[in-house]
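Number of protein chains: 2
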Amino acid sequence: MTRASTRKPGEAAGDEQAAVPRRLLEQATKLFAKKGFDRTSVQEIVEAAGVTKGAMYHYFGSKDDLLYEIYARVLREQTRQLESVASSGAPLRERLAAAASDVVVSSIDNLDDNTIFLQSMHQLSPDKQKAVRAERRKYHERFRGLVEEGQASGEFRMDKPADVVVDFYFGSVHHLGSWYHRSGSLSARQIGDHYADLLLDALRPPA
Amino acid sequence: MTRASTRKPGEAAGDEQAAVPRRLLEQATKLFAKKGFDRTSVQEIVEAAGVTKGAMYHYFGSKDDLLYEIYARVLREQTRQLESVASSGAPLRERLAAAASDVVVSSIDNLDDNTIFLQSMHQLSPDKQKAVRAERRKYHERFRGLVEEGQASGEFRMDKPADVVVDFYFGSVHHLGSWYHRSGSLSARQIGDHYADLLLDALRPPA
DNA sequence: GTCGCCATACCGACCGGTCGGTGTCCAAGG
DNA sequence: CCTTGGACACCGACCGGTCGGTATGGCGAC
Numbered sequence: 001m002t003r004a005s006t007r008k009p010g011e012a013a014g015d016e017q018a019a020v021p022r023r024l025l026e027q028a029t030k031l032f033a034k035k036g037f038d039r040t041s042v043q044e045i046v047e048a049a050g051v052t053k054g055a056m057y058h059y060f061g062s063k064d065d066l067l068y069e070i071y072a073r074v075l076r077e078q079t080r081q082l083e084s085v086a087s088s089g090a091p092l093r094e095r096l097a098a099a100a101s102d103v104v105v106s107s108i109d110n111l112d113d114n115t116i117f118l119q120s121m122h123q124l125s126p127d128k129q130k131a132v133r134a135e136r137r138k139y140h141e142r143f144r145g146l147v148e149e150g151q152a153s154g155e156f157r158m159d160k161p162a163d164v165v166v167d168f169y170f171g172s173v174h175h176l177g178s179w180y181h182r183s184g185s186l187s188a189r190q191i192g193d194h195y196a197d198l199l200l201d202a203l204r205p206p207a
Numbered sequence: 001m002t003r004a005s006t007r008k009p010g011e012a013a014g015d016e017q018a019a020v021p022r023r024l025l026e027q028a029t030k031l032f033a034k035k036g037f038d039r040t041s042v043q044e045i046v047e048a049a050g051v052t053k054g055a056m057y058h059y060f061g062s063k064d065d066l067l068y069e070i071y072a073r074v075l076r077e078q079t080r081q082l083e084s085v086a087s088s089g090a091p092l093r094e095r096l097a098a099a100a101s102d103v104v105v106s107s108i109d110n111l112d113d114n115t116i117f118l119q120s121m122h123q124l125s126p127d128k129q130k131a132v133r134a135e136r137r138k139y140h141e142r143f144r145g146l147v148e149e150g151q152a153s154g155e156f157r158m159d160k161p162a163d164v165v166v167d168f169y170f171g172s173v174h175h176l177g178s179w180y181h182r183s184g185s186l187s188a189r190q191i192g193d194h195y196a197d198l199l200l201d202a203l204r205p206p207a
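Those protein sequence lines, which keep their order, are chains A and B.
If you number the first sequence the way this note's numbering does, the last residue is 207 and the count never jumps.
If you number the second sequence the way this note's numbering does, the last residue is 207 and the count never jumps.
FYI, nobody ran anything at the bench for these hints, they're computed from the structure.
A hint or two may mislead.
Since the list can't tell identical chains apart, any single copy or any two copies may satisfy a pair.
[Said to hold, decoys possible] Derived lysine to any residue pairs resembling SDA-like cross-links, with alpha carbons at most 20 Å apart: (1) 160 / 201; (2) 53 / 68; (3) 35 / 64; (4) 30 / 120; (5) 138 / 68; (6) 34 / 118; (7) 34 / 122; (8) 35 / 131; (9) 160 / 189; (10) 34 / 121.
Input sequences plus hints: build the corresponding full structure.
The following block contains the structure:
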């Protein structure tokens, strides 16, 4: 009954039939963002992905694993992007502005992941939660390094601790999902640039 | 077995034996903040409060109601505080700075409520969620009014939409719970003043 | 008596995870 | 060429346990 089955397992199958693990992750992301982790049953996920529980527990050890994989994917991508921007040869202010704007744009592009991050992280098992926090911490530290660099060079004000500034900014970023809607009049890039402006201007030395 | 029961219901009972609804709300707040709404069973709440499910369902219609009451209490208090600060006769910048700093301090004083707000709002029934959002919206609009007032008078930059600025700032505030710890070296008021400074300085007209 | 307040016992729904089995493909043996 | 066997991918019925909510009854105050 399975059509087009002359396909190597694990192989990408054009753009019609995605691999099962990917479909699972994709649907789980949507459902977790819409109803929350605890309110989404494994049954719902597998139905949305068009498979059965057997398939899911074949690829993932638990429902927790599913959530963890979603996090890990997002974190890897954001860290990669930050590293690439932060280590370019551009002037500091430009690098910080680009990093600040980019993280907004990518957060909006993947609003679902962002929402899940916000709402469901504390529902992970303690050890996996620790792993996520560690990765996240590395990201924040890299970003903080940029702020400190500007403070050391005198470009930025020094009367605000860099870590407070970083938490201040990422609070704003993480909360995008609670108010941003595609139907709004501002594009993701516009929001990103506004946010980056606000951050950079808040960092100007006081008059 | 209930001692000291010669007490009018609804009456405050010294400082030893709080009223049952209050105890329920108090313990529910702690547990929701620690484990999340869905992970906290009604059984755990009533045990922590020293009563049984019969008592809880006598005072509250559902587990949802408990959560809703917690929200409503916080929102009433924050709105009251903002109104009082915003309508004083002080200069605009002082009023906005006070409002911005106060909301940080009160968010830190009640970190549990703040955490719950962040994590569990979407688990309310749709109509109650709507009620909470409406109240919250009123709060944001009042705050935005201050920003717009400063833009109209030329004190603040006009190239950033006021609602973006407000969402930017409250994102930061809502996320305090995810990083602030009492053990840190900064007091609630210090954080509040830093945040208010960052907001006010970000609003300075660009050079 | 009856009314507010609460305890106890219990129900039905549902959920994450398991487990024995099935269909398919490929490689080796004859 | 056909057979065998076993690795892989997946199915779906089922289980133990938990949870929100309810029905009933008791008890003290008026």
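**Request:** Against the earlier hints, flag every one the structure doesn't satisfy and list their numbers going up.
**Result:** none
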